[in-house]
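**Student:** What follows is each chain in one-letter form.
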Amino acid sequence: MELNVNNQKYSFEAEENMPLLWVLRDLLELTGTKYSCGIGQCGACTVLVNGQAARSCSIPVSAALDKNITTIEDSNSNSLLQALKDSWIQNDTPQCGYCQSGQIMNALALLSQNPNPTDEEIKMGMRGNICRCGTYPRIKKSIEQVIETNSKL
Amino acid sequence: MKRRHFFKTSTLASGGFLISAYLPFSCNEQVLETESWEPNFYVRIDPDNTITFICSRTELGQGTSVGLAMIVADELGMDFENLKTEFADGAIERYGDLQDTGGSNGLRMLWEPLRKAIATAREIFIVAAAQKWQLDPSDCFSENGFVYHNSSERKASYASLITLAKDLPAPFDIKLKDPSDYKYIGKRLIGERTRIIAEGKNPYSINVKLPNMLYAAVARCPTWNGNLIDFDDSKARSFPGVVDVIEVTAVEIQPDDFKGGVRSGVAVLASNTWAALEAKKLLEIQWDLGNLSRKSDTDVKEELLAQLEEPRTVTPEKRDIHNLFNRYSKGHEATYFSAYQTTTCMEPLNATAYHMGHKIEIWVGSQAPGMFRERISELTGLPEAAITIHNLPSGGGFGRRFHADYVEEAVLISEKVRKPVKLTWSREDTITTSKYHPYCVDHWEAAFNPTGEVMAIAYKGTIGSTNAYRPNPYALPMVHYNYVAEKGDRLLPRASWRSVFAHPWALGLECFIDELAHLAKKDPIAYRIELLDKAEVVEQVMEPWVGDNLYPKKLKETLEIVREKSNWGQVSEGIFQGVSGISYNTSYCSQVIDLSVEDGKVKVHKVTAVLNCGRVINPSQVESQIAGGIIWGLSAALKTQLTVVDGQVQQTNFDSYDLLRMNETPEIEVHLVDSNDEPSGAGEPGVPGVAPALLNAIFAATGERIRQIPIVKSSTYSIA
Chain P
1 MELNVNNQKY SFEAEENMPL LWVLRDLLEL TGTKYSCGIG QCGACTVLVN
51 GQAARSCSIP VSAALDKNIT TIEDSNSNSL LQALKDSWIQ NDTPQCGYCQ
101 SGQIMNALAL LSQNPNPTDE EIKMGMRGNI CRCGTYPRIK KSIEQVIETN
151 SKL
Chain Y
1 MKRRHFFKTS TLASGGFLIS AYLPFSCNEQ VLETESWEPN FYVRIDPDNT
51 ITFICSRTEL GQGTSVGLAM IVADELGMDF ENLKTEFADG AIERYGDLQD
101 TGGSNGLRML WEPLRKAIAT AREIFIVAAA QKWQLDPSDC FSENGFVYHN
151 SSERKASYAS LITLAKDLPA PFDIKLKDPS DYKYIGKRLI GERTRIIAEG
201 KNPYSINVKL PNMLYAAVAR CPTWNGNLID FDDSKARSFP GVVDVIEVTA
251 VEIQPDDFKG GVRSGVAVLA SNTWAALEAK KLLEIQWDLG NLSRKSDTDV
301 KEELLAQLEE PRTVTPEKRD IHNLFNRYSK GHEATYFSAY QTTTCMEPLN
351 ATAYHMGHKI EIWVGSQAPG MFRERISELT GLPEAAITIH NLPSGGGFGR
401 RFHADYVEEA VLISEKVRKP VKLTWSREDT ITTSKYHPYC VDHWEAAFNP
451 TGEVMAIAYK GTIGSTNAYR PNPYALPMVH YNYVAEKGDR LLPRASWRSV
501 FAHPWALGLE CFIDELAHLA KKDPIAYRIE LLDKAEVVEQ VMEPWVGDNL
551 YPKKLKETLE IVREKSNWGQ VSEGIFQGVS GISYNTSYCS QVIDLSVEDG
601 KVKVHKVTAV LNCGRVINPS QVESQIAGGI IWGLSAALKT QLTVVDGQVQ
651 QTNFDSYDLL RMNETPEIEV HLVDSNDEPS GAGEPGVPGV APALLNAIFA
701 ATGERIRQIP IVKSSTYSIA
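If you're matching them up, the sequences are chains P and Y in order.
Going by the numbering used here, the first residue of the first sequence is number 1, and it counts up by one from there.
Going by the numbering used here, the first residue of the second sequence is number 1, and it counts up by one from there.
No lab work stands behind these hints: they were computed from the structure.
These numbers were taken from a predicted model, which means no experiment stands behind them.
No residue lacks a Cβ here, since even glycine has one placed at the ideal position from N, Cα and C.
Worth double-checking, as some hints may not be accurate.
Said to hold, decoys possible - Facing chain Y, from chain P, some residues (calculated, C-beta under 8 Å):
#1 Ser36
#2 Glu73
#3 Asn76
#4 Asp92
#5 Arg132
#6 Ile139
What the hints assert, rightly or not - Okay, derived cross-link-like pairs now, BS3-like style, lysine-lysine, Cα gap no bigger than 25 Å in a straight line:
#7 Y:Lys639 / Y:Lys603
#8 P:Lys140 / Y:Lys603
#9 P:Lys140 / Y:Lys639
#10 P:Lys123 / Y:Lys603
#11 Y:Lys606 / P:Lys123
#12 Y:Lys601 / Y:Lys553
#13 P:Lys140 / Y:Lys330
#14 Y:Lys84 / P:Lys140
Unchecked claim - Incomplete in silico selection of chain Y near chain P, CB under 8 Å:
#15 Lys259
#16 Gly395
#17 Ser620
Generate coordinates for the entire structure from the input sequences, incorporating the hints supplied.
**Tutor:** Next up, the structure:
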C-alpha cells in the first residue's frame with residue numbers, strides 16, 4: 001500500500017481495515033497523531049484528509065490511500081499550520097500536550113474553511129476535541145491570535 | 001499520603017550531603033576529559049560543557065520540569081535557553097521521596113534541596129578554578145557554565161575543571177543566590193517542551209518502539225476481584241497480526257494502596273496495537289465475577305448512610321471536643337454526596353517492559369518511578385539494581401500514574417514471552433477496569449448556643465481524618481468522628497484523582513459554611529472572613545511533605561481579593577454568585593462562580609479565582625494549572641460520574657463519561673497573590689473549591705440546596 005502523508009509517499013503492508021491512526025503510528029512511526037478514545041469522541045487523532053478534519057481512529061486506511069493526508073509533523077510551506085504552532089507556543093498553551101496535535105489539526109481545518117470564525121463558531125468547531133488538563137482557554141486564545149494576525153495581513 | 005521512604009529523604013534533603021564527590025574516587029588516576037560528571041544527582045556536565053538538569057520529578061503537564069529548570073538556571077547563573085533538561089530513571093537511592101510526584105509538592109519539596117545542590121556544584125567549580133589559577137575563590141565568579149577571574153581575562157569552562165573538581169571536598173557554608181539576583185524565577189518563561197509538544201514530538205511512552213517488540217492488550221475481569229474460569233481464543237488468534245494469547249494471573253489488588261495488583265485477565269500479543277486491541281474483543285471469556293457481582297453503587301450508598309445513623313465514636317484525644325459539641329443543641333445538619341470518578345488521562349495508561357530474565361528495562365510515564373521499581377522487584381524477585389525504569393513525560397497523570405498496576409501487567413507479560421512488550425490500555429480499559437476516585441457520603445452538623453451562635457461543628461463520613469489536604473481553617477471547633485466505610489470488599493479499588501479527598505471535603509465544608517452563613521443571615525464572604533479573623537494558626541506540620549502550618553489570614557486575604565475581583569454582589573440581573581475558600585497543603589485558593597439558572601438549566605458564565613501559592617516561580621504555568629483545575633472540577637461538579645451495577649462500571653468511553661468541552665467552558669480569571677513565602681503547589685488547589693462554589697451559586701439563584709455532585713444526578717438540573 002501507499003499513502004501520501006505531508007506530501008511524502010510511504011509504502012507499507014497493512015490490513016485494509018486498519019485505521020489510518022494505527023498505520024501512521026505503528027507502521028509509519030508518525031507518532032504525533034495520538035490514540036485516546038478510538039471511537040471519534042475526543043479528537044486526539046485528528047488529521048487532515050484532503051484538507052478536511054478527520055478522526056484517523058475511525059477511518060480505514062483503504063479509504064485514505066488516494067488522498068492527501070496532513071499530520072502535525074507537516075513542516076512544509078503550510079503557513080497556517082506553522083502560524084498555529086507558533087501561537088500555541090507563544091501562549092504557552094499545552095500542559096501535558098497529549099491532545100494538542102489533534103487540537104492544532106482541528107483548528108487548522110476550522111480556520112482553513114472559515115478564516116474569520118465568531119467566538120461561538122470557534123467554541124462549537126473545537127468542541128469535538130477533549131483536553132483533560134483543561135487548556136481550552138489558551139487553545140481558544142491561540143486560535144484567536146492567529147485570526148487576528150491573519151486579518152491584518 | 002502514605003510515603004515509606006521518609007528516612008531516606010531526610011538525609012538527602014541536607015544539601016551538601018548530595019555531593020557524590022564524597023564517594024571514594026581515585027585521586028591518582030588521570031581522568032579522561034571525555035567523561036561527563038554529575039557533581040550531584042541534579043546536574044550533569046558533559047565534556048563539551050553542555051549542562052543538563054536531571055529532573056527527578058515527573059512531567060505530567062503540570063510544568064514542574066520547567067519551574068525546576070528555572071530554579072537551576074538562576075542558582076547556577078546560566079542562560080535558561082542553554083540548560084538542557086532530562087528525566088531521571090527511577091532511583092530511590094538517589095532521590096528518596098523527592099522523586100514521587102503528588103500532592104502538588106514538586107516545587108515546594110525541591111525548592112530548598114535543589115538550590116543547595118546547585119549552589120554547591122557552582123561553588124565547587126569556582127574553587128577548582130581558583131586552585132588552578134592559584135587565586136582566592138572569592139576573586140572568582142561563575143556564569144553560564146564558566147568560571148571567571150574578577151580582575152583578569154582568565155576563564156575556564158566547567159568541563160575543563162571536571163578533573164580538578166571531582167577530587168575536591170564539597171564546600172560548606174554555601175551562599176544561595178539572593179532573590180534580587182533572580183533572572184528567571186517569577187517570569188513567564190516558556191519551556192522547550194512547549195515547542196516540542198506543538199510539533200507533535202513529545203516522547204510519551206506510548207510512542208516507544210523497540211526491535212522485536214510485541215504490542216499487547218489485556219481483557220481484564222470486569223469485577224476487580226473476580227477470576228478467569230476459561231477462555232476460547234480461536235477467533236482472536238485468527239485475527240491478522242496476532243502472535244500469541246496468554247493468561248494474566250491476578251496479583252492481589254490492594255484496594256487502598258499505591259501498590260498495583262493486577263486483575264485476572266487474558267493478554268493478546270500482536271504485531272501492532274490495533275491488532276491487539278481488536279483481537280481482544282474477539283476473546284470469548286468466562287469469568288467468575290465473585291462476590292461483587294451482587295453489589296452496586298446504590299448498595300454502597302445505603303450501607304454508608306446506615307453507618308451514618310450508627311452511634312458516633314471518637315478516639316480518646318477527641319473526647320473533649322466531642323463533649324463540647326454535645327453540650328449544645330443541634331440545629332442544622334446536611335449530608336453531601338459525590339460520585340465515583342476516573343482520571344482518564346488523555347494518554348491511556350501504557351508501559352513497555354523487557355524482562356530479560358536477569359534484568360528488566362521499563363519505559364513508562366510514572367508519578368512514582370522509584371516506588372514502581374521497588375514494586376517490580378517485589379513482584380519478580382529481581383533486585384532493584386537489576387531493574388531500570390526510564391521515566392518519560394506523561395500525557396496526564398492526575399494521581400493515576402502513582403499506581404503501578406499497568407507496569408506490573410507489562411512486566412508479567414514480558415516475563416512470559418521474554419520479548420519487549422508494549423502494553424496499551426484501551427480507553428474503555430481506563431474507564432471500566434481501572435482504579436477510581438471513591439464515592440463519598442459526608443455528614444456535617446452544627447451545634448448552637450441558646451442565642452443561635454454556632455459553637456462547634458461535627459463531621460462524620462467517608463474521609464478518614466482532618467489534615468493539611470482537608471483542614472478546617474475556621475474558628476469553629478470541629479469534631480471529626482471515626483469514618484464510615486464499606487464493609488468487606490470495596491465495590492471499586494481506589495486511586496488518587498486530582499486533589500483526592502480535598503474534593504469531597506471542600507464540597508461538604510464549604511457548602512456547610514455557606515449554609516451556616518445563610519442561617520446567620522450574613523453575607524457568605526463576610527461570614528467566612530469573620531470566622532477566619534478569629535481563627536488560630538492550625539498546626540499541620542505533622543508530616544514532612546506538608547511543609548507549613550495553615551494560616552487562616554492567608555485564606556482570608558484570598559477571599560478579600562476574590563470579593564473585589566469578582567465584583568461580588570454587583571453583577572447584572574439574572575447572574576448569581578457562589579463562593580468557596582480552601583487551603584490545600586500550603587496553598588490557598590478562593591473562587592467565585594457566576595451562573596444563571598433558567599428552567600432548571602444551569603449555565604456557568606465565569607469563574608474568578610485567587611491563589612496564594614507562596615513565591616510564584618512561573619506565573620504562566622501557575623495560572624494555567626489553576627484554570628485547568630477549575631475545568632477539572634467543573635466536569636465533576638456538573639456532569640461526569642461513574643455508576644456501578646453488579647460490580648461493573650457502566651460508563652465505557654468519552655460518549656458516556658463526557659468531560660467538559662470548550663463550548664461548555666466559562667470565562668476563567670486567575671489572580672495570584674504576590675508573596676515571598678516558600679513556593680507551594682498549584683496543580684491541585686484549583687479543584688476542590690469548584691463544586692461548593694457552584695452549589696452555593698445555585699442556591700443563590702434558586703433558594704434550593706443541592707447537596708450532590710454531579711448536579712445532573714439530581715433530576716431537577718441539567719446543563720445549559
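**Student:** Holds or violated: are the alpha carbons of Lys140 of chain P and Lys603 of chain Y at most 25 Å from each other?
**Tutor:** holds, 19 Å
**Student:** Are Glu73 of chain P and chain Y close enough, Cβ to Cβ, to be under 8 Å, as the hint says?
**Tutor:** holds, 6 Å
**Student:** With chain Y as the partner, please determine if Asp92 of chain P meets the hint condition of a C-beta pair closer than 8 Å.
**Tutor:** Cβ of Asp92 of chain P sits 5 Å from chain Y, so the hint holds.
**Student:** Lys639 of chain Y and Lys603 of chain Y: Cα distance at most 25 Å?
**Tutor:** At roughly 12 Å apart (the allowed maximum being 25 Å), Lys603 of chain Y and Lys639 of chain Y satisfy the hint.
**Student:** Do the alpha carbons of Lys123 of chain P and Lys603 of chain Y lie within 25 Å of each other, as the hint requires?
**Tutor:** Holds. Lys123 of chain P to Lys603 of chain Y sits at ~15 Å (cutoff 25 Å).
**Student:** Lys601 of chain Y and Lys553 of chain Y were given as a pair; does the straight-line alpha-carbon distance stay at or below 25 Å?
**Tutor:** Violated, because 37 Å separates the two Cα atoms, which is more than 25 Å.
**Student:** Can we keep the Ile139 of chain P interface hint, with Cβ of chain Y closer than 8 Å?
**Tutor:** Because about 7 Å separates Ile139 of chain P from the closest Cβ in chain Y, which is inside the 8 Å limit, the hint holds.
**Student:** Checking hints one by one. Is Gly395 of chain Y an interface residue toward chain P, by the C-beta closer than 8 Å rule?
**Tutor:** holds, 3 Å
**Student:** When you check the alpha-carbon spacing of Lys84 of chain Y and Lys140 of chain P, does it fall within 25 Å?
**Tutor:** The given pair, whose Cα atoms are some 30 Å apart, is violated under the 25 Å limit.
**Student:** Take the shortest C-beta to C-beta distance between Lys259 of chain Y and chain P; is it under 8 Å?
**Tutor:** violated, 24 Å
**Student:** Would you mind confirming whether the straight-line C-alpha gap from Lys606 of chain Y to Lys123 of chain P stays at or under 25 Å?
**Tutor:** holds, 16 Å
**Student:** Next item in the hint list is Ser620 of chain Y. Is there a CB on chain P closer than 8 Å to its CB?
**Tutor:** holds, 5 Å
Comparing the model with each earlier hint shows violations of hints 3, 12, 13, 14, 15; every other hint is respected.
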